[in-house]
Amino acid sequence: MSPATAPTPAPAPEQDVVALLMGQHGEIRNLFDEVEQSSGDTRRDAFRRLVRMLAVHETAEEEVVHPYVKRTVDGGADIVADRLAEENAAKEALSELDGMDPEDSAFMPRLLELRIAVMEHARAEERYEFAQLRRLNDAGRLATMAKAVKAAETTAPIHPHPGTETAAKNLAVGPVAAVMDRARDAIRKVMGKDG
Amino acid sequence: MAFSPLEQRGIPLDRQLRNWRELNVTPIDPDHCDPYTRCRIITMNGIEVEAILFSHQFARHCPDPEVKRQLARTRYIEAQQQKAVNWLLPGVSSVLETTIAYEQVAVDLTAWVARSEPDAYLKQAYGFGVLEDFDHLYRYANLYEMIEHRKAESVVDGLTEVMPGRPTRMHHRHPVDNVREPYDKARTDPLSKLHALTVMSDEQQTMNFYMNVGPTYMEPIARQLYQEIGLIEEEHVTHYESLVDPGETWWEQLVNHEYNECYLYHSFMETESDPKVKAIWELHLNQELEHLHLACDLMRRHDGRDPAEILAPELPNVLTFEPNKGYLRELIAEQLDLTTLGTGYVREAHERFEAMQEALNGGEAPPSDRVMEEHHQTFGREYRMQSEGDHPVPELREKS
Chain X
1 MSPATAPTPA
11 PAPEQDVVAL
21 LMGQHGEIRN
31 LFDEVEQSSG
41 DTRRDAFRRL
51 VRMLAVHETA
61 EEEVVHPYVK
71 RTVDGGADIV
81 ADRLAEENAA
91 KEALSELDGM
101 DPEDSAFMPR
111 LLELRIAVME
121 HARAEERYEF
131 AQLRRLNDAG
141 RLATMAKAVK
151 AAETTAPIHP
161 HPGTETAAKN
171 LAVGPVAAVM
181 DRARDAIRKV
191 MGKDG
Chain Y
1001 MAFSPLEQRG
1011 IPLDRQLRNW
1021 RELNVTPIDP
1031 DHCDPYTRCR
1041 IITMNGIEVE
1051 AILFSHQFAR
1061 HCPDPEVKRQ
1071 LARTRYIEAQ
1081 QQKAVNWLLP
1091 GVSSVLETTI
1101 AYEQVAVDLT
1111 AWVARSEPDA
1121 YLKQAYGFGV
1131 LEDFDHLYRY
1141 ANLYEMIEHR
1151 KAESVVDGLT
1161 EVMPGRPTRM
1171 HHRHPVDNVR
1181 EPYDKARTDP
1191 LSKLHALTVM
1201 SDEQQTMNFY
1211 MNVGPTYMEP
1221 IARQLYQEIG
1231 LIEEEHVTHY
1241 ESLVDPGETW
1251 WEQLVNHEYN
1261 ECYLYHSFME
1271 TESDPKVKAI
1281 WELHLNQELE
1291 HLHLACDLMR
1301 RHDGRDPAEI
1311 LAPELPNVLT
1321 FEPNKGYLRE
1331 LIAEQLDLTT
1341 LGTGYVREAH
1351 ERFEAMQEAL
1361 NGGEAPPSDR
1371 VMEEHHQTFG
1381 REYRMQSEGD
1391 HPVPELREKS
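If you read the sequences in order, they're chains X and Y.
Under this note's numbering, the residues of the first sequence are numbered 1 to 195, in order.
Under this note's numbering, the residues of the second sequence are numbered 1001 to 1400, in order.
Rather than coming from a laboratory, the hints here were simulated on the basis of the structure.
On a predicted model such as this, the values are computed, not experimentally measured, just so you know.
We put the CB at the ideal spot given by N, CA and C, even for glycine.
Warning: the hint list may mix true and false statements.
Just a few of them, taken from the derived set where beta-carbon distance is under 8 Å, the chain Y residues facing chain X [unchecked claim]: (1) V1092; (2) E1148; (3) R1150; (4) P1190.
Please take these sequences and the hints and turn them into a complete structure.
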């Protein structure tokens, strides 16, 4: 018999940035389902939540995960460069969709393209970035990072700032950018304090 | 529609090789596909993997270099078929999603076979096994929600219910109690041979899959659950392979393999909803018809027998992926508490079973129970998808 080992519980999302972000990948996919399966105002509402979720999630990854992987993982800079290229493409598609009416006939084909891009990006993160984070085995760090992501989630606005609702303005400084700014500020506050 | 593989000719073997462009198939979209298309892909991958491994074993036992070369030629094409089929699965799917799809195959394939099986002893073997796959689906579905925050109904799409079957901890039997009695090759219905080979091949592929992907998980509970269910797949392969008559000659077995591949590609061609995937089933059927003829030639030459003696003159009803909810609920109500003793089935936990359980669990709850506990801690409930009402067994209804 081998010596008994204490059972290791699965990490809780509040204490572990990898578990938290993987959960968000699933939630993002659920939101895509919701947008696809609804119509009218229900679809508009689901799409607003999707936009917000994606904006907060991607900002968190850019502010929290990528810099750390870049610094600590061998070859991290290249891994991160690949992920940033995927994120930028997704962000452009997202901004474009954000300026469209979800009932527009051109909306759904673009949404499906975005969905595939986002899923490929998420899976690549899980395989090439999150696996590395786990390997570093720094529970304290993963907990701090989780806290920063949670902070971004709670402070980012659900509704766009007043005065930016028109389609033209949305494209210029639209809610995607606004959500990202707010999320970034919140994350930097937490990371600056503990990081 | 009657289809007689022995009377059809396919594509000549020397014209079956595909180039890289032809092998570069477009994967299915996991969020918009017919879940049963994915089930057919997983099934045929298991069948092709068995075809390849069987042919390798045959070659290792074969002293005739000419036969070895013939086997190598056909096997190379089968290896290409396996690539074309399994590469229909998309890279964006997570391992756990694919696992849930494997369990959906195990549930709806085995249930369909159990319903169609003419022999009572074999029917019992499938009915017994399917209640275990059914419980595995439920355990993995709870793990999936825990790790990926997605519900398994997004994978199985309401076609297969997700709720407890025979509890996974009860699947760990003493290995000798997993060996069944074989059918008699001379007297059994030819359909029974196809069923046994099909279910054995897919359980074998499931065993291979779990033994290889389990350690790619980082989450401790996921690693442990794959170990546990992986060991039950070992039991299932033992269970199903022992149904096959070991008195079949190598030549006869080769013919049965090729005939079964014709049967399944034909079935799936008839029932496939995705036109691109259907085109692959059709192409592969036309390749298999030729593999069957070559195998029949080998049997005539080396066994001195006519393959028509052992095969069905025409293909049986198409094997169909369809919901089996009512049938599964009946089985659950009647057979949940069965275990095996020797080659038969009993309702009470016997001494050898108890000893195995005690040695394996070491006084702790197995991973399949712990995954439920951990899920409950996070969500305050279980994940289930019971579209047809309450669980048929009152003790297994979810406690609120």
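Consistency of the hints with the structure:
For the restraint placing V1092 of chain Y at the interface with chain X, the shortest Cβ-Cβ distance is roughly 4 Å, inside the 8 Å limit, so the hint holds. At about 4 Å, the closest approach between the beta carbon of E1148 of chain Y and any beta carbon in chain X falls short of 8 Å, and the interface hint on this residue holds. Look at R1150 of chain Y: its Cβ gets to within about 4 Å of chain X, closer than 8 Å, so that hint holds up. Against a cut-off of 8 Å between C-beta atoms, the interface hint on P1190 of chain Y is violated, since the closest Cβ of chain X lies about 44 Å away.
When each numbered hint is compared with the structure, a violation occurs for hint 4 only.
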